[in-house]
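For reference, the chains in residue letters:
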Amino acid sequence: MAQRITVDPITRIEGHLRIDVEVEDAAITKAWSSGQMWRGIEVILQGRDPRDAWLFTQRICGVCTTVHALASVRTVENALGMEIPMNAQYIRNLVMSLHALHDHIVHFYVLSALDWVDVVSALKADIKKTVALAETLSNWPNNSFNRFKAVRKKVQAIVDSGQLGPFANGYWGHPAMTLPPEANLMAVSHYLEALDYQRKADKAIAILSGKNPHIQNLSVGGVTAAINPDNDTTLNIERLYWVKQLAEEVRGFVHQVYLPDVIAIGALYKDWLAYGAGVTNYLAVPDMPLDTRGTSFDLPGGTIIGANLKTMKPITGFNDPYFKQNIVESIAHSWYKGDWSKHPFKEETVPDYTDFQDDGKYSWIKAPRFKDMPMQVGPLAQVLVGYAQGHKLTKKYVDDALSRVSTLAGVQVEASVLHSTPGRHLARAIRAAMLSDLALEHWDKLVANIGTGDLEIFNKPTFPKGEQMGFGFHEAPRGTLSHWIVIRDGKIKNYQCVVPSTWNAGPRDGKGEPGPYEASLVGNPMANPQLPLEVLRTVHSFDPCIACAVHMLDPPGRELTRVKAL
Amino acid sequence: MNQSPKIGILGVGNLLLGDEGFGVHVIKRLQEEYRFPGNVELLDGGTAGIMLSPFIEDKDILFVIDVVSLDAEPGSIHLFGHEDVCSGNIQTRMSPHQVGLLEILDLCRLREKAPQRIEMITVVPADLSTRIGLSKPLAQTVDTVIAILFEKLVIMHVVPLSLTG
Numbered sequence: 001m002a003q004r005i006t007v008d009p010i011t012r013i014e015g016h017l018r019i020d021v022e023v024e025d026a027a028i029t030k031a032w033s034s035g036q037m038w039r040g041i042e043v044i045l046q047g048r049d050p051r052d053a054w055l056f057t058q059r060i061c062g063v064c065t066t067v068h069a070l071a072s073v074r075t076v077e078n079a080l081g082m083e084i085p086m087n088a089q090y091i092r093n094l095v096m097s098l099h100a101l102h103d104h105i106v107h108f109y110v111l112s113a114l115d116w117v118d119v120v121s122a123l124k125a126d127i128k129k130t131v132a133l134a135e136t137l138s139n140w141p142n143n144s145f146n147r148f149k150a151v152r153k154k155v156q157a158i159v160d161s162g163q164l165g166p167f168a169n170g171y172w173g174h175p176a177m178t179l180p181p182e183a184n185l186m187a188v189s190h191y192l193e194a195l196d197y198q199r200k201a202d203k204a205i206a207i208l209s210g211k212n213p214h215i216q217n218l219s220v221g222g223v224t225a226a227i228n229p230d231n232d233t234t235l236n237i238e239r240l241y242w243v244k245q246l247a248e249e250v251r252g253f254v255h256q257v258y259l260p261d262v263i264a265i266g267a268l269y270k271d272w273l274a275y276g277a278g279v280t281n282y283l284a285v286p287d288m289p290l291d292t293r294g295t296s297f298d299l300p301g302g303t304i305i306g307a308n309l310k311t312m313k314p315i316t317g318f319n320d321p322y323f324k325q326n327i328v329e330s331i332a333h334s335w336y337k338g339d340w341s342k343h344p345f346k347e348e349t350v351p352d353y354t355d356f357q358d359d360g361k362y363s364w365i366k367a368p369r370f371k372d373m374p375m376q377v378g379p380l381a382q383v384l385v386g387y388a389q390g391h392k393l394t395k396k397y398v399d400d401a402l403s404r405v406s407t408l409a410g411v412q413v414e415a416s417v418l419h420s421t422p423g424r425h426l427a428r429a430i431r432a433a434m435l436s437d438l439a440l441e442h443w444d445k446l447v448a449n450i451g452t453g454d455l456e457i458f459n460k461p462t463f464p465k466g467e468q469m470g471f472g473f474h475e476a477p478r479g480t481l482s483h484w485i486v487i488r489d490g491k492i493k494n495y496q497c498v499v500p501s502t503w504n505a506g507p508r509d510g511k512g513e514p515g516p517y518e519a520s521l522v523g524n525p526m527a528n529p530q531l532p533l534e535v536l537r538t539v540h541s542f543d544p545c546i547a548c549a550v551h552m553l554d555p556p557g558r559e560l561t562r563v564k565a566l
Numbered sequence: 001m002n003q004s005p006k007i008g009i010l011g012v013g014n015l016l017l018g019d020e021g022f023g024v025h026v027i028k029r030l031q032e033e034y035r036f037p038g039n040v041e042l043l044d045g046g047t048a049g050i051m052l053s054p055f056i057e058d059k060d061i062l063f064v065i066d067v068v069s070l071d072a073e074p075g076s077i078h079l080f081g082h083e084d085v086c087s088g089n090i091q092t093r094m095s096p097h098q099v100g101l102l103e104i105l106d107l108c109r110l111r112e113k114a115p116q117r118i119e120m121i122t123v124v125p126a127d128l129s130t131r132i133g134l135s136k137p138l139a140q141t142v143d144t145v146i147a148i149l150f151e152k153l154v155i156m157h158v159v160p161l162s163l164t165g
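First to last, the sequence lines map onto chains E and C. Taking the numbering used here, the leading residue of the first sequence gets 1, the next gets one more, and so forth. Taking the numbering used here, the leading residue of the second sequence gets 1, the next gets one more, and so forth.
These are computed hints drawn from the structure, not numbers from a lab. By construction, the Cβ of each residue, glycine as well, lies at the ideal position given by its N, Cα and C atoms. A couple of the hints might just be wrong.
Part of the chain C face toward chain E, derived, beta carbon under 10 angstroms [claimed, not checked]:
no.	residue
1	Y34
2	R35
3	A48
4	G49
5	M51
6	P54
7	D106
8	L107
9	L110
10	E112
11	Q116
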């Protein structure tokens with residue numbers, strides 16, 4: 001008989017993802033993804049000044065702050081047909097890439113590494129063998145005998161004290177934990193270092209943006225980071241060099257620690273490369289614009305249908321009609337009034353809560369569709385689209401990573417392994433490597449542009465009478481983010497945010513097609529329904545920006561175990 | 001110690017969930033009504049998660065003001081040292097928001113960058129529903145919590161200056 005497992009939030013912060021799965025014969029047969037919290041920012045924005053929208057939208061979240069700020073100013077600029085100065089583009093690109101680097105590092109080490117790494121097993125590691133393993137991956141100076149020995153001692157002290165601290169809720173000894181002790185020890189050592197490098201990225205953002213999280217240096221038409229090489233209180237060469245130094249340090253960590261770690265974990269968990277593909281239609285938008293209008297970019301965008309790279313169709317600019325015309329959101333299974341699929345310009349947001357209905361409405365998240373199809377978004381989408389286009393930087397890192405995975409795993413792997421749970425992690429690390437290179441390139445471009453005597457940072461927006469419509473996108477750490485605005489007489493008439501986790505975590509649509517989270521879980525193995533590590537591995541690989549905790553119900557609905565926040 | 005120790009006063013919580021924002025309300029009161037010497041830093045930590053680590057790792061002594069889930073009377077005050085509170089029951093991480101304060105403290109300790117001394121002044125909440133503002137029993141506790149904090153600061157030769165007389 002099928003057993004129902006519910007992974008549901010019990011949290012003090014926000015708590016808005018619930019995953020239900022049915023398990024039969026040790027594998028998942030059905031899955032539901034439900035957003036348990038209503039956003040409501042769109043309603044708050046109605047009637048307000050479009051120039052203020054970015055300050056509100058970045059409050060959607062405490063993590064993905066920068067991304068909503070950026071998408072929002074691009075949206076209003078698009079509605080007004082504006083260009084923005086090159087300095088503003090470069091500064092935005094720097095902020096955007098540093099934010100993504102911070103986010104990808106935190107996501108891998110702090111939020112998902114412990115799904116794969118067994119901390120307690122690290123105690124059994126042979127130090128010399130750990131050094132030897134690490135040396136095959138990179139020449140990071142901290143991969144030393146003394147460092148690994150000290151880390152093992154620390155882990156021993158925690159285990160002896162009986163207080164596992166941040167590792168307390170890991171699934172130690174779970175049959176799905178199969179890394180050798182040496183790989184576990186190396187990963188714990190890097191976990192402890194990761195915090196320093198995400199902080200360096202954060203610091204660089206704060207230097208450029210005034211504060212972080214929730215940056216303060218954007219405006220519709222440009223940025224408010226005044227540039228004057230001869231002034232102590234503006235963005236000057238001293239601060240720019242500080243940003244550069246931090247970006248270089250972060251790049252070192254990404255290239256020598258993060259990317260090699262993910263390559264090793266992918267290779268050592270090669271069985272998992274067969275699981276978690278789910279929806280293999282992909283959507284990514286181009287980012288890091290290289291001109292004032294957003295017609296050429298350093299990061300590629302486009303769509304891929306049915307895992308077939310030959311179907312790749314590019315998205316080429318901030319005004320691309322292929323993107324603009326083909327998005328709808330369906331509310332067939334979402335807690336909103338009615339049953340429709342509408343374009344974001346035409347949508348309304350009228351809440352209508354029922355309870356959780358397996359075959360009816362069961363989520364606050366709408367189901368976005370591209371040409372009526374569910375799409376997976378995120379670093380994997382961007383990397384595949386770039387690979388299919390022959391984008392140089394993408395190809396370089398993908399081919400290198402696949403060849404290193406093949407060597408370590410002892411089997412030849414092709415790009416098709418990327419359609420998987422570890423594939424999403426690998427694509428994220430590849431994207432981080434690309435971003436860490438591009439951040440420094442855009443720093444060079446910014447400094448070269450200032451060197452020509454161009455200090456412009458802002459073009460003033462003007463709002464004509466009547467109605468304007470606009471959209472803006474940004475390839476955020478979790479994937480394609482788009483904002484949509486209707487302005488009437490200088491005020492916001494309608495505003496919609498179609499966010500990455502909506503694409504990925506959305507429910508079934510009017511045709512009953514499941515969303516990416518749901519589809520990716522079906523077929524996953526499940527060794528022990530009491531400890532649903534496999535569900536967490538796959539859902540975490542999407543980098544969910546939704547809080548969730550685990551409590552489990554048996555079929556009649558009695559609670560078996562519960563993990564509760566203090 | 002030749003130099004004055006760096007002291008942090010950190011209030012955490014979610015302002016939108018009634019009493020859950022207690023720590024933040026206390027910090028606001030301290031910021032509005034007192035002036036502190038240069039070695040003391042106040043922070044409204046909100047629900048910032050991992051981003052609190054730079055503030056914490058920079059301090060010699062840390063006071064945390066928060067609510068606590070205990071089977072005790074709402075508004076009752078409970079003091080803990082870091083050793084008293086174990087993060088063993090933290091939920092599995094599902095999002096970047098889910099890195100809790102205790103977990104960050106543990107992580108800082110593992111990195112050998114934790115403050116030498118951590119004290120938590122906590123109260124039991126009465127109302128965690130979606131609203132801004134404190135319930136009556138908790139609003140009445142703010143003054144007592146500040147008095148307890150000041151007693152501890154005075155021992156460290158920190159004398160806050162009242163701006164309201």
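Earlier hints that do not hold, by number: 1, 2, 11
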